[in-house]
Amino acid sequence: MTARNLWQALAGRAYLRTAWPWRGVAYLGTGVVSGAVALVGGLVLVAFSAVLVGLPLLLLGVVALAPAERRRLRIADDEPAVDPHRTPPEPGITAWARTRVRERATWREFGYSLLHATVLWPLDLLALAAGLGVPLAMTAAPLQLAADGGHEARVAKLWLVTGYPAAFASAVAGLLLLALFLYPLGAFAAARAALARALLAPREAELRTRIGEVTRSRARLVAAFEAERRRIERDLHDGAQQRLVALTMSLGLARLDAPPGGPLAERLAAAHDQAGKALTELRELVHGIHPQVLSDYGLAAALADAADRSGVPVDTDVELPRLERPVETAAYFAVSEALANAGKHSDASRVRLTARHTGDLLTVEIHDDGIGGADPERGTGLTGLADRLAVLDGTLAITSPPGGPTVLRLEIPCRTGTHPCA
Amino acid sequence: MPDRHAPLRIVLAEDGVLLRDGLTALLGRFGHEVVAAVGDAEALCAAVAEHDPDIVVTDVRMPPGFQDEGLRAALALRTGRPRLPVLVLSQYVQRSYAAELLDTGDGTGVGYLLKDRVGQVEEFVAALERVADGGTVVDPEVVRQLLRRRRDPLEQLTPREREVLALVAEGLSNAAIARRLVVSEAAVGKHIGNILAKLDLPPAEDTHRRVLAVLAYLR
Chain A
1 MTARNLWQAL AGRAYLRTAW PWRGVAYLGT GVVSGAVALV GGLVLVAFSA VLVGLPLLLL
61 GVVALAPAER RRLRIADDEP AVDPHRTPPE PGITAWARTR VRERATWREF GYSLLHATVL
121 WPLDLLALAA GLGVPLAMTA APLQLAADGG HEARVAKLWL VTGYPAAFAS AVAGLLLLAL
181 FLYPLGAFAA ARAALARALL APREAELRTR IGEVTRSRAR LVAAFEAERR RIERDLHDGA
241 QQRLVALTMS LGLARLDAPP GGPLAERLAA AHDQAGKALT ELRELVHGIH PQVLSDYGLA
301 AALADAADRS GVPVDTDVEL PRLERPVETA AYFAVSEALA NAGKHSDASR VRLTARHTGD
361 LLTVEIHDDG IGGADPERGT GLTGLADRLA VLDGTLAITS PPGGPTVLRL EIPCRTGTHP
421 CA
Chain B
1 MPDRHAPLRI VLAEDGVLLR DGLTALLGRF GHEVVAAVGD AEALCAAVAE HDPDIVVTDV
61 RMPPGFQDEG LRAALALRTG RPRLPVLVLS QYVQRSYAAE LLDTGDGTGV GYLLKDRVGQ
121 VEEFVAALER VADGGTVVDP EVVRQLLRRR RDPLEQLTPR EREVLALVAE GLSNAAIARR
181 LVVSEAAVGK HIGNILAKLD LPPAEDTHRR VLAVLAYLR
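Those sequence lines, one after another, are chains A and B.
Numbering-wise, the UniProt record's numbering puts 265 at position 265 of the first sequence, and it's gapless, one number per residue.
Numbering-wise, the UniProt record's numbering puts 69 at position 69 of the second sequence, and it's gapless, one number per residue.
Quick caveat, the hints were computed from the structure, so don't treat them as lab data.
Everything numeric in this text was worked out from a predicted model, so none of it was measured.
Check each hint, because a few of them may be wrong.
What the hints assert, rightly or not - Below, a sample of chain A positions facing chain B; criterion: calculated Cβ distance under 8 Å:
(1) Gln8
(2) Thr18
(3) Thr139
(4) Ser250
(5) Ala271
(6) Gln274
(7) Ala278
(8) Glu281
(9) Arg283
(10) Gln292
(11) Val293
(12) Ala301
(13) Asp308
(14) Val312
As the list claims (entries may be wrong) - Pairs of lysine to any residue, SDA-like flavour, derived with a Cα cap of 25 Å:
(15) Lys198(B) with Ser349(A)
(16) Lys277(A) with Leu147(B)
(17) Lys277(A) with Arg144(B)
(18) Lys277(A) with Thr24(B)
(19) Lys277(A) with Ala126(B)
(20) Lys344(A) with Arg144(B)
For glycine and all other residues, C-beta sits at the position ideal for the given N, C-alpha and C.
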């Protein structure tokens with residue numbers, strides 16, 4: 001197994017032969033730089049804050065440092081640290097600042113920045129000096145001795161070496177010590193990275209909140225689409241459909257006035273016929289956008305209607321109260337799609353449609369006696385329906401072995417007794 | 001125009017101005033008078049109370065809710081006056097609408113037609129007159145849906161018999177069916193006899209009873 005972070009690498013046997021020790025060193029090294037910069041920047045900001053605006057500037061500094069630190073964390077950890085901040089509810093600097101100030105994540109970042117600029121980076125430097133500096137200095141003893149003309153050298157400013165044998169022995173010992181020190185050094189870097197992650201990455205509760213937000217925004221989107229469909233349906237009904245009906249009526253009247261058998265009567269008949277066909281097509285289109293029966297009579301009637309329209313004979317067994325509007329709509333379109341699929345692909349001669357609402361759960365089952373082999377991966381229609389149901393915490397299950405039968409089962413949790421036509 | 005119907009006094013409810021004016025002109029052309037043309041369900045009820053018309057023609061979907069206000073008004077009117085003929089126009093076929101209408105006043109003097117049918121002006125006016133005379137008219141599209149749904153004994157019907165059955169449900173007389181299908185009236189009579197026998201329905205001479213029997217069976 002390949003290690004994803006320093007901890008895992010430390011546990012592996014090949015630790016020294018991987019890049020991980022050096023990634024740990026690099027993490028600490030960059031930490032020294034970033035910490036020193038943060039300290040200087042922080043001092044400047046504090047100076048300015050005193051004269052000017054106080055906290056906001058410091059906040060800006062924190063907000064700039066934290067993402068950089070999250071990115072730097074990638075050196076010691078392959079797992080990216082996700083941005084813990086929420087998107088402000090509205091654009092503009094004020095909304096942004098208000099959101100940030102209220103977030104716990106911001107204050108954790110503030111704490112980390114303070115720690116990083118004051119305590120952590122000197123510690124990083126110390127660890128590097130001890131863990132890397134001493135062994136390297138010992139390894140460099142022969143060079144140091146040569147530079148001095150072979151007389152004497154003070155290795156790591158600690159002890160005196162006066163001859164090449166001793167210098168080379170020091171070099172060998174240095175290399176061994178380096179290999180040994182890379183372990184505690186790696187451990188320190190790993191602990192350091194863990195601390196950064198704990199303070200800079202989102203907590204589980206925050207993640208859950210964000211998922212909740214995403215779910216809600218998705219539900220809002222679906223509701224918006226639904227409203228838009230209704231609007232389009234209404235517009236077509238009030239506009240184009242009315243005009244076409246009036247047109248066929250005028251043409252029908254004109255036909256009465258035209259001398260029978262003449263070329264005019266013939267033309268009028270053709271025009272009348274075409275207008276009639278356009279009207280039929282438009283009616284089907286409008287019905288497909290949003291069936292009026294669904295709003296008027298609810299899911300049970302709309303399902304019966306869909307069964308009536310189906311190319312394949314459908315036996316219906318539907319007993320439903322009125323349910324919440326989004327649930328009714330989602331279930332209706334799912335069944336329409338399923339019936340259309342049964343007609344198009346399954347070669348079925350009969351479909352059984354069952355729908356019940358028991359214990360706050362709507363269950364609809366569509367069972368056909370066709371050839372089976374339906375693959376939700378291929379048909380984007382079914383996947384789209386599953387997505388749509390998922391918004392309502394609903395599920396779509398399909399079993400369709402080759403040779404059939406295909407059974408499609410959808411479940412949507414929904415409360416009883418809520419009448420949508422309030 | 002053959003055997004013109006006596007002029008009817010009509011209350012028309014339709015929220016689309018274009019259609020309302022068009023229908024008024026169309027009905028006038030056939031010698032009928034639209035005594036009141038209104039745009040919503042409330043005005044419809046008021047107009048019926050005021051004019052006591054021979055027949056009401058109403059759209060299903062009307063303000064303020066744009067759902068089925070027109071149908072609700074028609075049903076309410078029928079509850080108050082079961083003999084008041086009502087012809088309901090619908091933008092699309094909905095079995096429940098037809099069913100609710102047929103359940104009022106014994107199913108006499110009710111009609112349920114797809115709005116598109118007004119384009120076939122002569123047939124539309126003929127249907128309107130049948131309803132005014134106490135007949136029952138159901139859109140062929142409804143019948144087609146019902147036929148598709150109820151299959152068992154209907155499967156024994158020949159295609160020709162199905163055709164005849166649909167026309168019976170539209171409220172046509174034997175003579176009218178014969179004209180439509182270009183066959184003799186005797187042949188139509190035979191078909192109808194066969195249909196009623198196959199569906200185990202009581203034989204009936206009266207067109208209206210026959211329509212109801214067939215629709216009751218289909219539902």
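Hints and how they fare:
| no. | hint | result |
| --- | --- | --- |
| 1 | Gln8 | 63 Å, violated |
| 2 | Thr18 | 70 Å, violated |
| 3 | Thr139 | 87 Å, violated |
| 4 | Ser250 | 7 Å, holds |
| 5 | Ala271 | 11 Å, violated |
| 6 | Gln274 | 11 Å, violated |
| 7 | Ala278 | 10 Å, violated |
| 8 | Glu281 | 11 Å, violated |
| 9 | Arg283 | 6 Å, holds |
| 10 | Gln292 | 7 Å, holds |
| 11 | Val293 | 5 Å, holds |
| 12 | Ala301 | 5 Å, holds |
| 13 | Asp308 | 4 Å, holds |
| 14 | Val312 | 10 Å, violated |
| 15 | Lys198(B) with Ser349(A) | 24 Å, holds |
| 16 | Lys277(A) with Leu147(B) | 23 Å, holds |
| 17 | Lys277(A) with Arg144(B) | 18 Å, holds |
| 18 | Lys277(A) with Thr24(B) | 24 Å, holds |
| 19 | Lys277(A) with Ala126(B) | 22 Å, holds |
| 20 | Lys344(A) with Arg144(B) | 21 Å, holds |
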